[in-house]
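Trainee: Given the coordinates of chain A, work out where chain B should sit on it, guided by the hints.
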Amino acid sequence: MDQTDIKLLTNLKKGIPLTDNPFNAIATELKIPTQEVIERLNQLKKDKIIRRFGATLKPGNIGLSSNALVAWKVPKDKIQEIANHLSEIKEISHCYERTTNNPNWTYNLYTVIHTQNHTTTQQILKELSTTLKIEYKPLYSTKDLKHPQPKEDTQC
Amino acid sequence: MINNKNNQVTPIHQPQKNNTPQTQPPKNLDETDKKILQTLQDDFPIVPQPWKEISHRLNIPQQELTTRITHLKENGTIQKIGPIFDAAKIGQKASTLVALRIDTKKIQETAKLINTYDNITHNYQRDDPYNIWFTLTAQTTKEINTTIEQIRQKLNIPPQDILNLPTQHRYKINATFQLTKLP
Chain A
392 MDQTDIKLLT NLKKGIPLTD NPFNAIATEL KIPTQEVIER LNQLKKDKII
442 RRFGATLKPG NIGLSSNALV AWKVPKDKIQ EIANHLSEIK EISHCYERTT
492 NNPNWTYNLY TVIHTQNHTT TQQILKELST TLKIEYKPLY STKDLKHPQP
542 KEDTQC
Chain B
27 MINNKNNQVT PIHQPQKNNT PQTQPPKNLD ETDKKILQTL QDDFPIVPQP
77 WKEISHRLNI PQQELTTRIT HLKENGTIQK IGPIFDAAKI GQKASTLVAL
127 RIDTKKIQET AKLINTYDNI THNYQRDDPY NIWFTLTAQT TKEINTTIEQ
177 IRQKLNIPPQ DILNLPTQHR YKINATFQLT KLP
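Each protein sequence line maps, in turn, to chains A and B. If you read the first sequence in the numbering used here, its first letter stands for residue 392, the second for the next number, and so on. If you read the second sequence in the numbering used here, its first letter stands for residue 27, the second for the next number, and so on.
Short derived list, chain B residues pointing at chain A, Cβ under 7 Å:
id : residue
1  : Pro74
2  : Ile104
3  : Gln105
4  : Lys106
5  : Ile110
6  : Gln151
No lab work stands behind these hints: they were computed from the structure. Here the structure is a predicted model, which is why all the values come from computation and not from measurement. Ideal placement from N, C-alpha and C gives every residue a C-beta, glycine not left out.
Only chain A is shown next, with the shape it has when bound in the complex:
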């Protein structure tokens, strides 16, 4: 990976346009042929530097209305085992171990879960908590503050 790759990734962070040749603009900007942009992107994907190339979907708009970050309190010596177990759950998209700076907030494992409704989320979490014997705190998302609501902004 070189500087051009880094520029390519950084400039495409916001996505590609819906024009016939969506990679032409970035090619011009980086002063390389479009074909080279295509080759570089495919190579970056092959090397797993690009994890995925494609659309990022908003779960709430495709029927997954219940989205929660869930904080778990896990004994240090069990963290790997429990993290692996949680990672197997298909409704769980993210699973991260984190340290904390606050003695009153001692949660150390964080997952993100998407389901059709809060009832389903609650059921899954309750079951996991019972099976794994760990405490948790669900933090339901009520608003995406990074992606403007369609009414406020209809850019594409």
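Mentor: Just chain B now, with coordinates in the frame of chain A:
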């Protein structure tokens, strides 16, 4: 036309109970929308003319395809179409999750300020006394701490109202969803 009779999948939409959706969901995602979304998410062709390629693949005129994609972007279903990569792989080696306890009246202005920083990857309002949660990447932990301290000072937040939860280990990341089966 697309023949998908042998590939019927349980619709993902179900009646909502005890739950208010976060936003107004699109009126209807028809089977064509689902196929488009599934292709854009899972099997995007990195070629000079990807829309043309997808229109051939799904047997939809390119004009109709781009109209549908435009609409799905406008109603927020598609947030972006592009590369998803680990910030760490381009030198952003430190990352954290930050929670703020903010007066509910100040949520909007706080969100606005947070979003002015580069390398904010997610930013959500959540149903908790800690009501704003965002993720942040940077080249170093020092840089992360500086950014958090700047935000804290600009908003005049007492230290106990901020959680800084740096990433120790990533076990899973896969935010893709099944809407339909592709032929």
